[in-house]
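Enquirer: Chain by chain, the residues run as shown.
Number of protein chains: 2
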Amino acid sequence: MLATFAALTGAIAVVSAQTGPRQVSLVIANGIVVTMNGNSRVITGGSVAIDGTDIVGVDTADAIRQQFRGRDTIDAAGQVVMPGLVNTHTHAPMVLYRGLADDLALMDWLNNYIFPAEAKTVSPEFVRAGTKLAALEMIESGTTTYADMYYFEEEIAKETKAAGLRGVLGETIIQFPVADAKTPADALARAEAFIKAYKDDPLITPAVAPHAIYTNDGPTLQAARELSKRYNVPTLIHMAETQAETKTAQERGSPSVVTYLDSLGFLGPGVLAAHGVWVSEADMAILKARGVGVSHNPESNMKLASGIAPVRGYLAAGVALGLGTDGAASNNDLDMFEAMRMAALLQKVASNDPTAVSAKTALQLATIGGARALGMDRQIGSLERGKHADVIVVGMSAARQTPMYDPISHLVYVTRGDDVRTTIVNGKVLMRNRKVLTLDEAAVLKEAKAWADKVRAAVTTNH
Amino acid sequence: MLATFAALTGAIAVVSAQTGPRQVSLVIANGIVVTMNGNSRVITGGSVAIDGTDIVGVDTADAIRQQFRGRDTIDAAGQVVMPGLVNTHTHAPMVLYRGLADDLALMDWLNNYIFPAEAKTVSPEFVRAGTKLAALEMIESGTTTYADMYYFEEEIAKETKAAGLRGVLGETIIQFPVADAKTPADALARAEAFIKAYKDDPLITPAVAPHAIYTNDGPTLQAARELSKRYNVPTLIHMAETQAETKTAQERGSPSVVTYLDSLGFLGPGVLAAHGVWVSEADMAILKARGVGVSHNPESNMKLASGIAPVRGYLAAGVALGLGTDGAASNNDLDMFEAMRMAALLQKVASNDPTAVSAKTALQLATIGGARALGMDRQIGSLERGKHADVIVVGMSAARQTPMYDPISHLVYVTRGDDVRTTIVNGKVLMRNRKVLTLDEAAVLKEAKAWADKVRAAVTTNH
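Protein chains in written order, with this note's numbering: chain A, -19 to 443; chain B, -19 to 443.
Any given hint could turn out to be false.
What follows is a list of derived Cβ distance ranges for each label pair [unchecked claim]:
no., chain 1, residue 1, chain 2, residue 2, range
1, B, Ala262, A, Lys209, 57 to 67 Å
2, A, Tyr385, B, Leu417, 28 to 38 Å
3, A, Ala265, B, Ala430, 46 to 56 Å
4, A, Ala438, B, Lys209, 16 to 26 Å
5, A, Asn91, B, Ala57, 36 to 46 Å
Dumping the calculated SDA-like pairs for lysine to any residue here, alpha-carbon to alpha-carbon at most 20 Å [what the hints assert, rightly or not]:
no., chain 1, residue 1, chain 2, residue 2
6, B, Lys426, A, Ala57
7, A, Lys138, A, Pro182
8, A, Lys429, B, Gly25
9, A, Lys415, B, Gly375
10, B, Lys209, B, Asp180
11, A, Lys434, B, Asp386
12, A, Lys415, B, Arg414
13, B, Lys415, A, Ser377
14, A, Lys426, B, Met384
Read the hints as simulated data drawn from the structure, not as lab findings. Yeah, the Cβ is synthetic: ideal placement off N, Cα and C, and Gly gets one too.
Same shape as in the complex, but just chain A (with noise of 0.2 Å):
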């Protein structure tokens, strides 16, 4: 009888393994699903099914039953399932500088106190504490893929790849004498060294990051953006940022900055041009053409009062767009859902049109849109079959959060970082239920803190 029983069970077994739900590494159960596909479908008691470091299945949470059992299973009951977010512009490190000078002018906020503080303590030991800080804030606010912009980028490369992050991570190329080279020189046989020693890896993009055109002249910002075209890699670069810059242009014989960058050569798909606040229709339509990616940071050209990007005007003219928090110096966190709640609010009223940037559309600069501003977006930014598997689980519970109407309106107008529950990259599961599993977060935070007295102390002097 009990044989008997046995054989049965067996039976059913084989036949379940012919027919049944495929085994995938981690299924997220039962949440709306906020896909930012190209219908944008939204679905509500929807599941995403994940099998090693891609997506496997995107649907009704019947659907995904029936066909994938997860070896582990995320609940995200009354919870947003949706793409990370892409944050296509920040100085990791610089959390470490968070709030020691606001309220000035950008000259006078680099000049001042960035630079000289920099000076002072940016070296390997620096840019790894501060990585880790900027990482864990990050997966604690959702953000799975950024780009950056600082010096020894090999030192950040290194704990973004253990905190788990997707990095698009470019080595800066400045005229001026810096903590990690001496020269232009130095610095881009610096990047191409960076360059080599990540070219294949599955989380890190290496990238070229020339700082800007007021910080380099013609032939260096040349030479990076041969660099990297050499070796297929992104080209960062700060770009029409504050009104200044133009000037800059104009002494260089072009009446912008984008006009110079393309008297250069340099504009050309892989750039990712940051800021573009001084651009005029005739620029946008130049950045179109030469498939240049810009990132919006309305946050730090807020605070720095740099001006206010057209975002529209970008959107019109097709323009890949993404969104960027800029470096916790100058915003002063890195969270991305305060950047889009930035970007539909400023948007709106700076064009006098309330209609302008809805929540929809912010939603995507955040996602989708900054996938592909980076060129990134056949792998990254919404949650598709045969994408990576960078997904986050947004809380919805919230008094603030409550009764919702309509979950995109939610995660844009309500939601702030701190609702991420859960938080996936590459399919590896970096923060669960708000526990960080990949950094050590006590030990972060006191290390940070240590490097903030050398800092203190470095600025104090300067002053």
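Got chain A; can you put chain B on it based on the hints?
Expert: Showing chain B alone in chain A's frame:
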């Protein structure tokens, strides 16, 4: 021997009672005390002593320990202790409409969504459920006093009082029939009854709230103002929110909304005017001369593209200026930390000056400035001996708040309502360590969701 010992202990107790620390109801100990007093004193390692409803001591932790012994103590180590936030303009029950309709112009939003939804759902029960949800959100985000304009204001008063919040609550006077009044005369009668019922309440200040000039004719505005003068209670009004309102004033023979109201004899001490976007320097001079308080609502003004209020102009003119969130239907939450951040960032970019509205100024607007705008700055708005004990304790240990160079910067640029740990109003602890003590959170959220179903049905029928 025993008797001698007892006598000795008794003697010591008597001495202690005469010269030792005075027993008080509560001491908040050893925090970063941001007083917002006239000198903007910040006491690192400071304490606040509260007895009954009032603050009896604000000093270093050592000094307070020598003077006071709390029957209850709240440890604020590493946290900010500051005055509760003053939200000078909202419509509490409208939290039940949050996210119902976004990305629309004010008049479209009001006439096609909000007014129809209100016509079908506003009732005493609706208003009570909404006020409970709003109170929960305000307590959770550190607002201790709020100014409200809505219908069935006596129901709002009941729930505000039950939740333990301080409220300046204005019964709406509006020309067209609304849920609680068929005519302005009905509304005025209702307002008068409300005033009589709450005139001497320790927490509730009843007020009269003529909605705006575009929703009331001159005689109704004057009657509303007369009523509030007769009882010496505040008058709350929407003023110069959109450019269209200036047209209304001009049709009535005045160049601006301010001059129109002034021609009616409407402006004077006790008037709190919300928005004040479309005002000239001459208008601001009139507001200053008349002693009118103004509520700045940056998020609502941005979201509805109403315009950018001249905050620097108000400050230069010496107008009593506070901050408000506006109703959650146009914000979409009641977080005053976000209002501060937005006030600072918006003015910087709008005036092309990053020094405009510093973190300190933004914090003043949200505390003592708001108290001044409401004419309550002798009672609330700062941590000073003799003022009511409206105090909040704010966490400063999140990754996005690390490191901390300046608590004022962090309060404005990286802190959210959710960081508030403890909220005290009139000496009573309403939330302790994130646990709200005066409301049943689960029940409040459940009731709000039930009302949302009715709202959804009302709007679906309408469109």
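Enquirer: Determine for every hint whether it applies to the structure shown.
Expert: Here is what the structure says about each hint:
1. The hint said 57 to 67 Å for the Cβ distance between Ala262 of chain B and Lys209 of chain A, and at roughly 59 Å that hint holds.
2. For Tyr385 of chain A paired with Leu417 of chain B, a C-beta distance near 30 Å keeps the hint of 28 to 38 Å intact.
3. Separation of Ala265 of chain A from Ala430 of chain B is about 53 Å and conforms to the stated range, judged on CB atoms against 46 to 56 Å.
4. Between Ala438 of chain A and Lys209 of chain B the Cβ separation comes to about 59 Å, which falls outside the hinted range of 16 to 26 Å.
5. Roughly 37 Å separates the CB atoms of Asn91 of chain A and Ala57 of chain B, a value that falls within the hinted 36 to 46 Å.
6. Using a Cα cut-off of 20 Å, the hinted pair Lys426 of chain B and Ala57 of chain A holds, with the two alpha carbons roughly 16 Å apart.
7. With a C-alpha separation of about 13 Å, the suggested pairing of Lys138 of chain A with Pro182 of chain A holds against the 20 Å cut-off.
8. Under the criterion of a C-alpha separation no larger than 20 Å, the hint pairing Lys429 of chain A with Gly25 of chain B is consistent with the structure, at around 18 Å.
9. Using a Cα cut-off of 20 Å, the hinted pair Lys415 of chain A and Gly375 of chain B holds, with the two alpha carbons roughly 18 Å apart.
10. A distance of roughly 16 Å separates the Cα atoms of Lys209 of chain B and Asp180 of chain B; the hinted pair therefore holds under the 20 Å criterion.
11. A C-alpha spacing of about 15 Å is found between Lys434 of chain A and Asp386 of chain B, which places the hinted pair at or below 20 Å, so the restraint holds.
12. Between Lys415 of chain A and Arg414 of chain B, the direct Cα distance comes to roughly 19 Å. Compliance with the 20 Å bound is thereby established for this hinted pair.
13. For the proposed pair Lys415 of chain B and Ser377 of chain A, the alpha carbon gap of about 15 Å is at most 20 Å, so the pair holds.
14. Between the alpha carbons of Lys426 of chain A and Met384 of chain B the distance comes to roughly 12 Å, so the proposed pair stays at or under 20 Å and holds.
Checked against the numbered hints listed earlier, the structure breaks hint 4 alone; every other hint is satisfied.
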